[in-house]
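Colleague: So the chains spell out like this:
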Amino acid sequence: MVQPLLQVRSLDVRYGAVQAVDGINFEVEQGEIIALLGANGAGKSSTLNAIAGLVPTFGGEVQFDGQNITNLRPEMLPGLGITLSPEGRRVFGTLSVAENLQMGAFGMKDPHEIAAAWDRVYTLFPILAERRDQFAGTLSGGQQQMLAVGRALMSNPKMLLLDEPSLGLAPKIIEQIFELITTLNQQGVTILVVEQNVSMALEVANRAYVLANGRIATSGAAKDLAASTNLQNAYLGGA
Amino acid sequence: MELFLQQTVNAFALGGTYALLALGLAVVFSIMGLINFAHGELMTIAGYVLMYCGLAGISFVFAVPLALLASTFAAVLMERVAFRPVRNSSGATMLVTSFAVAMILQVLFQNLISVRSQPVLLPEALSGSIMIGGLVIGVNKLVAIISTVIMLIFLDRFLSKQKYGIAMRAAAEDFAVARLMGIRANTVIAGAFAISGLLAGVAAILWVSQRASVDPLMGFTPVLKAFIAAILGGLGSLRGAVAGGFLLGFIEIYLAAFLPPALQEFRDPIGLGLVVLVLLMRPNGLLPAASLKAEKV
Ligand SMILES: Nc1ncnc2c1ncn2[C@@H]1O[C@H](COP(=O)(O)OP(=O)(O)OP(=O)(O)O)[C@@H](O)[C@H]1O
Ligand SMILES: [Mg+2]
Numbered sequence: 001m002v003q004p005l006l007q008v009r010s011l012d013v014r015y016g017a018v019q020a021v022d023g024i025n026f027e028v029e030q031g032e033i034i035a036l037l038g039a040n041g042a043g044k045s046s047t048l049n050a051i052a053g054l055v056p057t058f059g060g061e062v063q064f065d066g067q068n069i070t071n072l073r074p075e076m077l078p079g080l081g082i083t084l085s086p087e088g089r090r091v092f093g094t095l096s097v098a099e100n101l102q103m104g105a106f107g108m109k110d111p112h113e114i115a116a117a118w119d120r121v122y123t124l125f126p127i128l129a130e131r132r133d134q135f136a137g138t139l140s141g142g143q144q145q146m147l148a149v150g151r152a153l154m155s156n157p158k159m160l161l162l163d164e165p166s167l168g169l170a171p172k173i174i175e176q177i178f179e180l181i182t183t184l185n186q187q188g189v190t191i192l193v194v195e196q197n198v199s200m201a202l203e204v205a206n207r208a209y210v211l212a213n214g215r216i217a218t219s220g221a222a223k224d225l226a227a228s229t230n231l232q233n234a235y236l237g238g239a
Numbered sequence: 001m002e003l004f005l006q007q008t009v010n011a012f013a014l015g016g017t018y019a020l021l022a023l024g025l026a027v028v029f030s031i032m033g034l035i036n037f038a039h040g041e042l043m044t045i046a047g048y049v050l051m052y053c054g055l056a057g058i059s060f061v062f063a064v065p066l067a068l069l070a071s072t073f074a075a076v077l078m079e080r081v082a083f084r085p086v087r088n089s090s091g092a093t094m095l096v097t098s099f100a101v102a103m104i105l106q107v108l109f110q111n112l113i114s115v116r117s118q119p120v121l122l123p124e125a126l127s128g129s130i131m132i133g134g135l136v137i138g139v140n141k142l143v144a145i146i147s148t149v150i151m152l153i154f155l156d157r158f159l160s161k162q163k164y165g166i167a168m169r170a171a172a173e174d175f176a177v178a179r180l181m182g183i184r185a186n187t188v189i190a191g192a193f194a195i196s197g198l199l200a201g202v203a204a205i206l207w208v209s210q211r212a213s214v215d216p217l218m219g220f221t222p223v224l225k226a227f228i229a230a231i232l233g234g235l236g237s238l239r240g241a242v243a244g245g246f247l248l249g250f251i252e253i254y255l256a257a258f259l260p261p262a263l264q265e266f267r268d269p270i271g272l273g274l275v276v277l278v279l280l281m282r283p284n285g286l287l288p289a290a291s292l293k294a295e296k297v
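Here the protein sequences come in this chain order: V and P.
Count the first sequence with UniProt numbering and you get residues 1 to 239, in order.
Count the second sequence with UniProt numbering and you get residues 1 to 297, in order.
What the hints contain is simulated information worked out from the structure, not anything from laboratory work.
Predicted model, so just to flag it, every value in this text is computed and none were measured.
Hints may contain errors.
Said to hold, decoys possible - Short derived list, chain V residues pointing at chain P, Cβ under 7 Å:
(1) Leu-54
(2) Pro-56
(3) Pro-78
(4) Leu-80
(5) Arg-90
What the hints assert, rightly or not - The calculated lysine-lysine pairs, modelled on DSBU-like cross-linking and capped at a C-alpha distance of 30 Å, are:
(6) Lys-223(V) - Lys-158(V)
(7) Lys-158(V) - Lys-109(V)
(8) Lys-163(P) - Lys-223(V)
(9) Lys-158(V) - Lys-172(V)
(10) Lys-109(V) - Lys-161(P)
(11) Lys-172(V) - Lys-223(V)
(12) Lys-163(P) - Lys-109(V)
Stated by the list, open to error - Counterexamples of contact, computed for chain P against chain V with all Cβ distances above 12 Å:
(13) Phe-4
(14) Gly-54
(15) Gly-91
(16) Ile-130
(17) Ile-137
(18) Ile-145
(19) Val-149
(20) Arg-267
Backbone N, C-alpha and C define an ideal beta-carbon position, used for all residues, glycine too.
The task is simple: from the sequences and hints, build the whole structure.
Modeller: The following block contains the structure:
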């Protein structure tokens, strides 16, 4: 049997008395796009941050590519082939666009690989090449999101964790972001994406998990979930 | 006019030393939110190395790099032993830790070396002076200004051109995300301390070269001033630290030179009053840091 690329078992995340993630299980197969959905405060970011080592896990185990990465320090992950583009973009505003991208490739040694990464990102996002010397803080929201994704791609990851990439963007830009997710997936990147934009996320994803109060409330093929009429009302806070 | 120019040179020399010290405080603060009051003891260590080299007959040319090496190494060691265990604690905990480190080192200096001030042998050339355009300028002042400029250029190049320098700026802005990029927390923090130690070493050499002596509390006053300078410039902002250092140097020197004799007694309060005035107008300092969030997810 082929092992899933990412396997999360009984993941438990707590902040003091707050139980943010309550023993969830899920897996992502090589080549999939998986959406992680849920209302505000459901525990989506906590899940991604725990996988990335930004917050400690209280219990459970995370396996990536056959390796136990539970509670590994965040700086170790890009080298293993998994990167997180965090919620709120968080580009380095006082660094130039090019410096942001350079930081994305921080751990890479092979100059050919690094050159290929620059090529790939500047081909995907010509605007970043155009603005390479501009401070990232002066980019528009959409451009910053592209920079955040481009920066995460610079380490040439097998798997990308995206936390709300469409947050606060105009509808046209959101469409571009979801197209991008598909494109990257076709380039061989496995993707776990957290989204509030449920319909768009279910359109591009293969499967989805819906979180509510730190537990997986439901899961399944994206098209089945999209067809289920009560998904919004039941788990995603209506509307 | 001549007196004014003369004092301006002095102000640049003193302000430059404050700037280097404030910069050392700011580099560490911007990365980990720690105000390191033991920074002064790094100066003192460099000072004692100069003293011992003089006693051992080691030429000043070799004593300088040894002193710089000592303060740099001491800074890295200080981080490893004292600050790493409290890295994720509150700013207050780290501040108190730095006071403890400072006091422990002061007591060690007093007991292992001497309570009293010790003379430091300096090359004769340093106490000479040269004429530039009708101005008599002390060689030590000139050396101080040139060293400061070299250090500032060096640091600016490092932070803007080197991969590790850029990583330090990234970590200063958003430490957690810098780590997500694969930038090692330990490396960046050790690097920040190494730079602050090097800056303290240079400042110590300049400080000692104006006074020719070293004592266990040598670092206290200049680092207190540097702390004021860093706040004046905008805590955590590197350019601010430099600006604040120079401004404080100018305020002190000009007040000492031009305040009427009757008011000289009140020189320090007047100087601090001016600092407070600047901060009232610019509460975040002259050139505040872009990101003041001490986020540490
Ligand atoms: N650093 C923290 N300290 C304390 N509680 C936290 C912290 N981070 C998150 N929480 C709590 O954990 C729970 C889950 O938060 P999380 O950020 O994972 O939700 P989310 O699903 O990403 O929500 P959103 O859609 O709003 O981003 C919430 O109740 C939140 O208040
Ligand atoms: Mg979230």
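Colleague: Against this structure, judge whether each hint is valid.
Modeller: So, going through the hints one by one against the coordinates:
no. : hint                    : result
1   : Leu-54                  : holds (5 Å)
2   : Pro-56                  : violated (11 Å)
3   : Pro-78                  : holds (4 Å)
4   : Leu-80                  : violated (10 Å)
5   : Arg-90                  : holds (5 Å)
6   : Lys-223(V) - Lys-158(V) : holds (25 Å)
7   : Lys-158(V) - Lys-109(V) : holds (17 Å)
8   : Lys-163(P) - Lys-223(V) : violated (45 Å)
9   : Lys-158(V) - Lys-172(V) : holds (28 Å)
10  : Lys-109(V) - Lys-161(P) : holds (18 Å)
11  : Lys-172(V) - Lys-223(V) : holds (23 Å)
12  : Lys-163(P) - Lys-109(V) : holds (12 Å)
13  : Phe-4                   : holds (37 Å)
14  : Gly-54                  : holds (43 Å)
15  : Gly-91                  : holds (20 Å)
16  : Ile-130                 : holds (41 Å)
17  : Ile-137                 : holds (38 Å)
18  : Ile-145                 : holds (29 Å)
19  : Val-149                 : holds (24 Å)
20  : Arg-267                 : holds (37 Å)
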